[in-house]
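Asks: Residue numbers (the numbering used here), protein chains in the order written: chain A, 1 to 412; chain B, 413 to 726; chain C, 727 to 978.
No wet-lab data here; the hints were simulated from the structure. Predicted model only: the values in this text are computed from it and were never measured.
So the derived label-pair ranges between C-beta atoms look like this:
no. : chain 1 : residue 1 : chain 2 : residue 2 : range
1   : B       : Glu472    : A       : Val253    : 35 to 43 Å
2   : C       : Val965    : A       : Phe399    : 53 to 61 Å
3   : C       : Pro825    : A       : Lys402    : 29 to 37 Å
4   : A       : Lys402    : C       : Leu873    : 35 to 43 Å
5   : B       : Glu472    : C       : Asp869    : 46 to 54 Å
6   : B       : Trp471    : A       : Phe399    : 46 to 54 Å
7   : A       : Val253    : B       : Arg720    : 41 to 49 Å
8   : C       : Leu873    : A       : Ala392    : 45 to 53 Å
9   : C       : Val965    : A       : Thr12     : 31 to 39 Å
Straight-line alpha carbon distances no greater than 27 Å define the calculated DSS-like cross-link-like pairs of lysine-lysine that follow:
no. : chain 1 : residue 1 : chain 2 : residue 2
10  : A       : Lys217    : B       : Lys601
11  : C       : Lys967    : C       : Lys956
12  : A       : Lys404    : A       : Lys290
13  : C       : Lys842    : A       : Lys17
14  : C       : Lys826    : B       : Lys624
15  : B       : Lys601    : C       : Lys826
16  : A       : Lys220    : B       : Lys601
17  : B       : Lys618    : C       : Lys842
18  : A       : Lys217    : B       : Lys724
19  : C       : Lys956    : C       : Lys792
20  : C       : Lys826    : B       : Lys618
21  : C       : Lys820    : B       : Lys624
22  : C       : Lys826    : B       : Lys623
23  : A       : Lys18     : B       : Lys623
All C-beta atoms, glycine included, are put in the ideal place defined by N, C-alpha and C.
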Amino acid sequence: MNSESPIKKTFTQESLKKQFRLSEFLAEKFISMIAFLSIAIIFLIFIFVFKESLPLFSFGSDAKAKTEAQATSANKPESYGTEPEGDLKPESYGTENAEDLKPESYGTETTKDLKPETYGSEPADDLKPEVYGDAPKEDLSVPAEDESVGAVSENQEGSDKTWNTFFTSEWVPVSENPRFGLLGLLIGTLKVTIIAMLIAGPLAVLAALFTSCFASKRVKEIIKPIIEMLAAFPSVVIGFFALMVLASFFQDVFGYDSRLNAFVGGVAMALAAIPIIYTISEDALAAVPKTYTEASLALGASKWQTAFFVVLPAATPGIFAALLLGVGRVFGETMIALMATGNAALVSANPFESVRTFAATIGAEMSETVFGDTHYSVLFFIGSLLFIFSFALNAVAEFYVKGKLLKKFQGK
Amino acid sequence: MDKVLNESEGHFFSSRKSTSDIKGKIFVGLTQLAVILIISILFIILAVIVYQGRSKFSWEFISSFPTNGMTEGGIFPALIGTFILVIVMSIAAVPFGTITALYLTEYASENSKFAAAVRFSVRTLAVVPSIIFGLFGLGFFIQFLGAGADTAFNGGELRWGQPNILWASLTMALLTLPVIIVSVEEALKTIPRELREASLALGATKWQTIKKVVLPGSVSGIMTGTILAVSRGAGEVAPILFTGAAYYLATLPGSLSDQFMNLGYHVYIMSTQSSDVEKTMPIQFATTLVLLILTLSLNVVAVIIRSRIRRKAK
Amino acid sequence: MKDIKIKVNDLSLYYGDKKALNEITMDIPANKVTALIGPSGCGKSTFLRCINRMNDLIPSVSITGKMLVEGVDIYDKNVDVVNIRKKIGMVFQKSNPFPKSIYENIAYGPRINGMKDKTELDEIVETSLRQAAIWDELKDRLDDSALGLSGGQQQRLCIARTLAVSPDIILMDEPASALDPISTSKIEELVHQLKEQYTIIIVTHNMQQAARTSDHTAFFYMGNLIEMGKTNSIFTKPVQKQTEDYITGRFG
Numbered sequence: 001m002n003s004e005s006p007i008k009k010t011f012t013q014e015s016l017k018k019q020f021r022l023s024e025f026l027a028e029k030f031i032s033m034i035a036f037l038s039i040a041i042i043f044l045i046f047i048f049v050f051k052e053s054l055p056l057f058s059f060g061s062d063a064k065a066k067t068e069a070q071a072t073s074a075n076k077p078e079s080y081g082t083e084p085e086g087d088l089k090p091e092s093y094g095t096e097n098a099e100d101l102k103p104e105s106y107g108t109e110t111t112k113d114l115k116p117e118t119y120g121s122e123p124a125d126d127l128k129p130e131v132y133g134d135a136p137k138e139d140l141s142v143p144a145e146d147e148s149v150g151a152v153s154e155n156q157e158g159s160d161k162t163w164n165t166f167f168t169s170e171w172v173p174v175s176e177n178p179r180f181g182l183l184g185l186l187i188g189t190l191k192v193t194i195i196a197m198l199i200a201g202p203l204a205v206l207a208a209l210f211t212s213c214f215a216s217k218r219v220k221e222i223i224k225p226i227i228e229m230l231a232a233f234p235s236v237v238i239g240f241f242a243l244m245v246l247a248s249f250f251q252d253v254f255g256y257d258s259r260l261n262a263f264v265g266g267v268a269m270a271l272a273a274i275p276i277i278y279t280i281s282e283d284a285l286a287a288v289p290k291t292y293t294e295a296s297l298a299l300g301a302s303k304w305q306t307a308f309f310v311v312l313p314a315a316t317p318g319i320f321a322a323l324l325l326g327v328g329r330v331f332g333e334t335m336i337a338l339m340a341t342g343n344a345a346l347v348s349a350n351p352f353e354s355v356r357t358f359a360a361t362i363g364a365e366m367s368e369t370v371f372g373d374t375h376y377s378v379l380f381f382i383g384s385l386l387f388i389f390s391f392a393l394n395a396v397a398e399f400y401v402k403g404k405l406l407k408k409f410q411g412k
Numbered sequence: 413m414d415k416v417l418n419e420s421e422g423h424f425f426s427s428r429k430s431t432s433d434i435k436g437k438i439f440v441g442l443t444q445l446a447v448i449l450i451i452s453i454l455f456i457i458l459a460v461i462v463y464q465g466r467s468k469f470s471w472e473f474i475s476s477f478p479t480n481g482m483t484e485g486g487i488f489p490a491l492i493g494t495f496i497l498v499i500v501m502s503i504a505a506v507p508f509g510t511i512t513a514l515y516l517t518e519y520a521s522e523n524s525k526f527a528a529a530v531r532f533s534v535r536t537l538a539v540v541p542s543i544i545f546g547l548f549g550l551g552f553f554i555q556f557l558g559a560g561a562d563t564a565f566n567g568g569e570l571r572w573g574q575p576n577i578l579w580a581s582l583t584m585a586l587l588t589l590p591v592i593i594v595s596v597e598e599a600l601k602t603i604p605r606e607l608r609e610a611s612l613a614l615g616a617t618k619w620q621t622i623k624k625v626v627l628p629g630s631v632s633g634i635m636t637g638t639i640l641a642v643s644r645g646a647g648e649v650a651p652i653l654f655t656g657a658a659y660y661l662a663t664l665p666g667s668l669s670d671q672f673m674n675l676g677y678h679v680y681i682m683s684t685q686s687s688d689v690e691k692t693m694p695i696q697f698a699t700t701l702v703l704l705i706l707t708l709s710l711n712v713v714a715v716i717i718r719s720r721i722r723r724k725a726k
Numbered sequence: 727m728k729d730i731k732i733k734v735n736d737l738s739l740y741y742g743d744k745k746a747l748n749e750i751t752m753d754i755p756a757n758k759v760t761a762l763i764g765p766s767g768c769g770k771s772t773f774l775r776c777i778n779r780m781n782d783l784i785p786s787v788s789i790t791g792k793m794l795v796e797g798v799d800i801y802d803k804n805v806d807v808v809n810i811r812k813k814i815g816m817v818f819q820k821s822n823p824f825p826k827s828i829y830e831n832i833a834y835g836p837r838i839n840g841m842k843d844k845t846e847l848d849e850i851v852e853t854s855l856r857q858a859a860i861w862d863e864l865k866d867r868l869d870d871s872a873l874g875l876s877g878g879q880q881q882r883l884c885i886a887r888t889l890a891v892s893p894d895i896i897l898m899d900e901p902a903s904a905l906d907p908i909s910t911s912k913i914e915e916l917v918h919q920l921k922e923q924y925t926i927i928i929v930t931h932n933m934q935q936a937a938r939t940s941d942h943t944a945f946f947y948m949g950n951l952i953e954m955g956k957t958n959s960i961f962t963k964p965v966q967k968q969t970e971d972y973i974t975g976r977f978g
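Please take these sequences and the hints and turn them into a complete structure.
Replies: This is the structure in structure tokens:
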């Protein structure tokens with residue numbers, strides 16, 4: 001370049017020199033940091049939920065002391081559970097007011113008053129479901145059958161006692177001899193989930209199929225938002241509807257004994273799961289390339305044949321993901337389970353028996369536990385299980401299904 | 413299945429087509445039936461709750477305190493508690509969600525592992541059962557942050573280490589975060605690339621472009637996200653069961669460290685633990701009606717705004 | 727050759743592994759209009775976007791070679807991309823006014839450069855609009871939304887917006903491709919007037935437009951610069967066979 005150029009140079013090394021812009025730098029760092037928090041929250045959720053259940057895993061003296069402390073507390077029923085950590089006043093948990101208003105709502109105390117037990121008596125004695133945390137309001141409906149089948153809880157001495165009770169079916173968290181049989185809860189949860197999915201799955205997928213394959217554009221624009229509106233119904237509203245209306249209706253129809261049961265809960269949860277399954281399935285169906293349907297129609301297949309034999313199979317991975325997320329929703333649903341399933345941890349295959357799910361157990365009993373005691377830890381442990389389960393479901397839906405879809409549509 | 417296909421193909425012009433027609437009609441009929449069933453259940457719920465709740469539903473019901481051991485009176489404190497909850501929740505969740513969405517659309521490069529991890533986390537947050545958020549609120553906010561703050565600043569006196577409206581709101585904020593992120597992200601994506609390029613070509617920096625072009629263009633998206641989050645937060649009960657909701661309070665919460673009443677929790681308590689479930693039935697239905705009006709109307713507003721954004725983008 | 731504004735040396739651009747520009751070497755004269763022509767997909771727009779580093783926005787793009795503007799390599803790691811874009815303005819194929827008022831559109835550039843004074847801003851808005859020959863049409867409706875303007879007006883507004891940051895070089899990416907003939911001729915006229923003050927590089931697929939507006943023409947084909955020279959000679963006696971084929975309409 002000739003430097004004698006009469007034109008003033010605008011481009012010089014100096015004027016174009018890299019500038020450090022503080023606001024730019026800070027903005028980027030700040031935004032990335034906030035984004036990182038989303039990841040951190042997932043870890044924190046797991047860590048803190050799991051952390052509270054940690055005492056269960058210390059098989060040493062710590063846990064033993066706690067178990068024993070609890071056992072001795074049986075002598076003074078008023079203070080269910082001693083205060084293991086002095087500085088954190090356990091009395092001040094959520095239920096404080098409830099307690100003031102009507103202390104009789106504490107199932108455990110009532111029952112203890114009724115049939116005081118001495119420590120070391122035959123544990124099979126208090127296998128009655130009435131002992132549960134907040135059972136009293138369901139006095140009428142909780143069946144009082146003897147479900148002593150499979151009672152394995154030998155009164156073992158030792159710190160891993162809690163663990164051993166996990167694989168039994170008795171859920172008697174508040175007693176002189178607490179047992180945390182997760183089996184009954186697991187069966188209850190599975191029962192409700194299966195019932196709900198048997199109803200929600202076909203309904204939602206068929207509705208999605210109608211929306212994306214058969215409905216005219218105008219009809220589609222009407223029904224899609226309406227069905228998705230169902231997602232806006234708070235689960236407590238659905239639970240309330242099930243408790244007040246569905247339960248009585250189904251009892252009239254089927255004539256079973258316990259008004260609140262797995263079936264009522266399952267139907268109500270299906271209502272909660274339908275919009276999720278519907279929306280994701282509909283997306284998956286709509287994502288099937290137009291060329292597929294056109295090719296099928298060009299070959300002379302009718303609309304329904306195309307929908308059933310071409311579109312539906314092509315969208316299978318997406319629909320599978322939708323069903324998985326539906327399962328996740330039902331599995332972890334709390335309010336509907338609390339209000340509509342009867343909350344008795346019975347082991348039975350009968351869909352018209354009361355059940356108690358994992359989530360409902362946490363919801364019902366957490367506010368009545370004492371910080372740090374075994375019951376508290378067990379509830380957090382159940383929470384960890386639920387978290388891991390939903391995390392895994394989501395991971396499968398995300399990675400497996402996405403991979404399948406890519407393979408299908410792009411041949412990668 | 414294959415058999416059916418072959419049959420109908422093989423006899424395309426034959427009389428067998430009519431059997432395929434019948435099958436088709438049945439199949440299409442089934443899908444229609446599913447839609448009709450879902451929609452009618454939805455309207456039945458609405459109708460029953462409106463019908464049963466209408467007798468008690470009045471201005472007085474909304475604006476007065478419960479009386480006589482919650483067997484009479486209104487739901488004013490529950491309504492106010494819900495409002496405070498969603499406001500504090502929004503204050504926490506909206507900036508947080510908006511910024512995360514900004515990161516995902518503006519800063520994250522396509523193949524970034526970090527961005528993929530953020531996306532996965534957000535989707536995971538959306539499917540974690542709400543009760544888990546409640547547990548987290550109890551374990552993290554109350555036991556860890558709250559109790560920690562009490563030990564450090566209050567000399568061990570219990571103030572923050574117990575359930576209150578702040579912790580409940582923050583717990584709810586985590587739950588509604590994905591709702592906001594998804595909405596804002598969607599809105600950010602509708603802002604044309606040409607506008608960003610125009611700004612950058614004029615010598616604007618990335619942050620200037622975001623501040624002056626991108627964010628103003630996504631205000632309605634942020635609003636949609638906020639409304640949807642509020643609608644969700646107003647209806648969820650499980651996360652606040654043990655992070656701050658109270659059964660009954662004679663006064664309105666005066667500070668963030670107070671407990672609060674909540675519409676959804678009120679419905680739950682009244683319908684399962686009331687001393688006289690039968691007698692308070694109208695109150696329960698009316699409370700549910702108020703809750704439903706609140707959440708559904710917010711949702712309708714959000715859907716309308718969202719469809720406007722989408723139409724604009726086209 | 728003292729009036730060379732931009733000197734391109736062996737510039738290659740890759741989208742991932744795919745080479746989109748192949749060792750381009752050319753000189754772009756100052757205060758002249760240089761037209762880049764070629765069939766679509768030939769790399770002319772990609773090359774244009776290299777000059778103000780707009781391709782930086784695409785993560786998979788990598789660039790080798792040198793792009794010297796007045797002797798400064800703008801791809802040097804010590805060079806600030808924001809400052810480059812302030813000096814090298816760009817007008818896009820699709821007019822892209824901000825969804826703001828006409829006034830705010832023009833004032834956008836000066837404002838982000840920290841100008842706050844209202845009278846100064848007013849002045850810049852007026853001179854820019856005058857330069858873009860659109861002041862008379864718009865002076866009474868400066869507060870109206872820019873989105874209400876016609877396509878041709880929007881494009882001239884975008885040119886005015888570019889002028890408001892007082893650049894040295896203006897890049898135009900098919901600025902008239904979406905416009906009607908009258909608006910197109912207005913834009914071409916404008917280009918003609920602006921070259922006294924600015925170095926203009928214009929991408930076009932319209933050969934008449936290139937012939938009418940430019941002083942120099944460069945022909946791109948499949949990522950290669952086939953030929954460059956005075957517009958007259960390119961259009962009358964092209965050296966390369968491919969250029970001739972293209973100009974006579976045998977392909978593209």
